[in-house]
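Novice: Taken in sequence, the protein lines are chains F and S.
Note that my numbering has the first sequence beginning at 1, numbered continuously upward.
Note that my numbering has the second sequence beginning at 1001, numbered continuously upward.
Hints are computed from structural coordinates only; laboratory data are not their basis.
Treat each hint with caution, since some may be false.
Taking lysine-lysine and the DSBU-like style, the derived pairs with C-alpha atoms no more than 35 Å apart in a straight line are [unchecked claim]: (1) S/1129 with S/1147; (2) S/1147 with F/114; (3) S/1155 with S/1108; (4) F/114 with F/68; (5) S/1243 with S/1147; (6) F/129 with F/114; (7) S/1155 with S/1243; (8) S/1243 with S/1212; (9) F/129 with F/118; (10) F/128 with S/1129; (11) S/1069 with S/1203; (12) F/118 with S/1203; (13) F/127 with S/1129; (14) S/1111 with S/1203; (15) S/1111 with S/1129; (16) S/1212 with F/68; (17) S/1108 with S/1069; (18) F/118 with S/1155; (19) F/68 with S/1129; (20) F/128 with S/1243; (21) S/1243 with F/127; (22) F/128 with F/107; (23) F/118 with S/1108; (24) F/118 with S/1129; (25) S/1212 with F/114; (26) F/118 with S/1147; (27) S/1203 with F/107; (28) S/1108 with S/1203; (29) F/68 with F/128; (30) S/1129 with S/1203; (31) F/127 with F/114; (32) S/1106 with F/114; (33) F/68 with F/107; (34) F/129 with S/1243; (35) S/1111 with F/118.
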Amino acid sequence: MEEWRRNIWRRILEEFRRVEAEISRMEDEFFRLMREAEERSGCITPLYNIYESGDEVRLTADLPGASKEEIGLIAGEDYLRIEAPCRSLLRGGEGRRYVLHVRLPAKIDPQSVKARYKEGVLEVIAKKKITGYKIRIE
Amino acid sequence: MSEAEEISIIEVEPIQGRDLIFIEGFPDVGLVGAIAASYIVDRLEMREVGYIDAEFLPPLISVRNEQIKELIRIYHRDRIVAITSDIPIPPHMIRPLSHSLVSWIKRKDGKLLISVSGIPEPNRLDIEKPEIYVLGSRPEITEMLVKLNGANRFKDGFIAGIKGMLLRDAVRAGLDAAIILAQAHYNYPDPGAAGQVVSYLSKLLGIEIDVKPLLESAEELRLRLRDLMMRTDQVMRGIQKSKELELPPVYL
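For reference, chain F alone in the conformation it holds in the complex:
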């Protein structure tokens, strides 16, 4: 490859790395703040996912070491709150609580909420709240 072309490529690559470093710096800040908040409050924020489909909002959260009877689940119109003691004997687990409070991407009908806890994963399924006028198609 010619020298000038190699130089351009090198510069593009350097730019990519600079952007990557910048993003990773921001991520690192996010991890630090979350970790420090956890350490201070003694609460663990579980890993979770939210899935939104046409008529449902589904949330799963990884709560290893909790038990079905002790999970507190509160559903609001636009949020879900999960609290549970973590019974793991692992350092950092014992005596701690899982706390997760998430805003949902759509309004739900809190009375429709169903939940199950299986092999350490909590799954919550809620029906979306539908308000509006029905329009006839001509």
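On the provided structure of chain F, position chain S as indicated by the hints.
Specialist: Coordinates of chain S only, in the frame set by chain F:
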């Protein structure tokens, strides 16, 4: 700067032997590979014999039990060489690492390179026993893998990240390689899926590995691996890992 200069694979104790089988467990989907490879290293009491360093790696060391550890470590025992990593492979390191690893294994005249990973399964919660999917770099290898213990074929799809690049580089270099995948949670550590892979590997390698202790400590492992899973999730977003949930376009 050439790729070879950016990645150094250091053998502190020279790895010698014929027909070596290399198992790679870099963290990705459900940390299946990472859990499986580390478990095998532990159960077989493999010796730490080397490490991989690169300028792309963050300036970090691991400290375990007052011992200073490299981030990406190489273990060896008998015919088996295992590679584990304490951090997800940074996106810019994926291509050069894959290239260097394959050339290194080729130089060692390795018999087979095995990547271990998870296949994202949205219904994982309803699956008692995750299924195993296999793919070889040549049809003959795929046949051998499928016949063993009735594994499923990985027919169509995408494989993103280091696992995909390793397979591609192996094909290009004429090195025999395989990927073993278990249905797994995408971004929750999944020791159950790792257990399935370990069982499969123990048949493939013809060595006895009891997976019971792994499954018994699953709960604890999941909590302990939460940080690595979060970091890995971040990296997976940067390399289109979600593409694995899609099918390649077919026009006929």
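Novice: Confirm or reject each hint.
Specialist: Quick rundown of the hints versus the structure:
Of the pairs offered as hints, the one joining residue 1129 of chain S and residue 1147 of chain S holds, with about 19 Å between alpha carbons and a cut-off of 35 Å not exceeded. Straight-line distance between C-alpha atoms of residue 1147 of chain S and residue 114 of chain F comes to about 42 Å, which puts the hinted pair past the 35 Å bound. The suggested pairing of residue 1155 of chain S with residue 1108 of chain S holds, with an alpha-carbon distance near 30 Å, which does not exceed 35 Å. A C-alpha spacing of about 13 Å is found between residue 114 of chain F and residue 68 of chain F, which places the hinted pair at or below 35 Å, so the restraint holds.
Taken as a hint, the residue 1243 of chain S and residue 1147 of chain S pair is honoured in the structure, with Cα atoms around 28 Å apart against an allowance of 35 Å. Note on residue 129 of chain F and residue 114 of chain F: the hinted pairing holds, with a Cα-Cα distance of about 15 Å set against a maximum of 35 Å. The hinted pair formed by residue 1155 of chain S and residue 1243 of chain S meets the criterion: a straight-line CA distance of about 15 Å does not exceed 35 Å. Annotation: proposed proximity of residue 1243 of chain S to residue 1212 of chain S holds, straight-line Cα distance about 33 Å (limit 35 Å).
A distance of roughly 26 Å separates the Cα atoms of residue 129 of chain F and residue 118 of chain F; the hinted pair therefore holds under the 35 Å criterion. Of the supplied pair hints, the one linking residue 128 of chain F and residue 1129 of chain S holds, its CA atoms being roughly 32 Å apart against a limit of 35 Å. Taking the CA atoms of residue 1069 of chain S and residue 1203 of chain S, the gap is about 31 Å. The hint holds against a cut of 35 Å. This hinted pair checks out: residue 118 of chain F and residue 1203 of chain S have alpha carbons roughly 29 Å apart, not beyond 35 Å.
Between residue 127 of chain F and residue 1129 of chain S, the direct Cα distance comes to roughly 30 Å. Compliance with the 35 Å bound is thereby established for this hinted pair. The hinted pair formed by residue 1111 of chain S and residue 1203 of chain S meets the criterion: a straight-line CA distance of about 17 Å does not exceed 35 Å. Note on residue 1111 of chain S and residue 1129 of chain S: the hinted pairing holds, with a Cα-Cα distance of about 30 Å set against a maximum of 35 Å. Note on residue 1212 of chain S and residue 68 of chain F: the hinted pairing holds, with a Cα-Cα distance of about 24 Å set against a maximum of 35 Å.
Only pairs whose Cα atoms come within 35 Å are accepted, and residue 1108 of chain S paired with residue 1069 of chain S is accepted, the gap being roughly 24 Å. Restraint check for residue 118 of chain F and residue 1155 of chain S: the C-alpha separation of about 30 Å stays at or below 35 Å, so the hint holds. The hinted pair formed by residue 68 of chain F and residue 1129 of chain S meets the criterion: a straight-line CA distance of about 22 Å does not exceed 35 Å. At most 35 Å may separate the alpha-carbon atoms for a hinted pair to count; residue 128 of chain F and residue 1243 of chain S meet this at roughly 28 Å.
A C-alpha spacing of about 28 Å is found between residue 1243 of chain S and residue 127 of chain F, which places the hinted pair at or below 35 Å, so the restraint holds. Taking the CA atoms of residue 128 of chain F and residue 107 of chain F, the gap is about 6 Å. The hint holds against a cut of 35 Å. The suggested pairing of residue 118 of chain F with residue 1108 of chain S is violated, with an alpha-carbon distance near 45 Å, which exceeds 35 Å. Our distance criterion of 35 Å between C-alpha atoms is met by residue 118 of chain F and residue 1129 of chain S, whose separation comes to about 14 Å.
A threshold of 35 Å between alpha carbons decides the hint, and for residue 1212 of chain S with residue 114 of chain F the separation of about 33 Å falls inside it, so the pair holds. The hinted pair formed by residue 118 of chain F and residue 1147 of chain S meets the criterion: a straight-line CA distance of about 32 Å does not exceed 35 Å. Our distance criterion of 35 Å between C-alpha atoms is broken by residue 1203 of chain S and residue 107 of chain F, whose separation comes to about 50 Å. The hinted pair formed by residue 1108 of chain S and residue 1203 of chain S meets the criterion: a straight-line CA distance of about 24 Å does not exceed 35 Å.
Proposed proximity of residue 68 of chain F and residue 128 of chain F is supported: the alpha carbons are some 25 Å apart, at most 35 Å. Distance restraint check for residue 1129 of chain S and residue 1203 of chain S: the Cα-Cα separation of roughly 17 Å lies within the 35 Å cut-off, and the hinted pair is therefore satisfied. For the hint linking residue 127 of chain F to residue 114 of chain F, the alpha-carbon distance of about 9 Å falls within 35 Å, and the restraint holds. For the suggested pair residue 1106 of chain S and residue 114 of chain F, the alpha carbons sit about 54 Å apart, so the restraint of at most 35 Å is broken.
Among the hinted pairs, residue 68 of chain F with residue 107 of chain F is consistent with the structure: their alpha-carbon atoms are about 26 Å apart, no more than 35 Å. Restraint check for residue 129 of chain F and residue 1243 of chain S: the C-alpha separation of about 31 Å stays at or below 35 Å, so the hint holds. Under the criterion of a C-alpha separation no larger than 35 Å, the hint pairing residue 1111 of chain S with residue 118 of chain F is inconsistent with the structure, at around 41 Å.
Violated hints, in rising order: 2, 23, 27, 32 and 35; the structure is consistent with all others.
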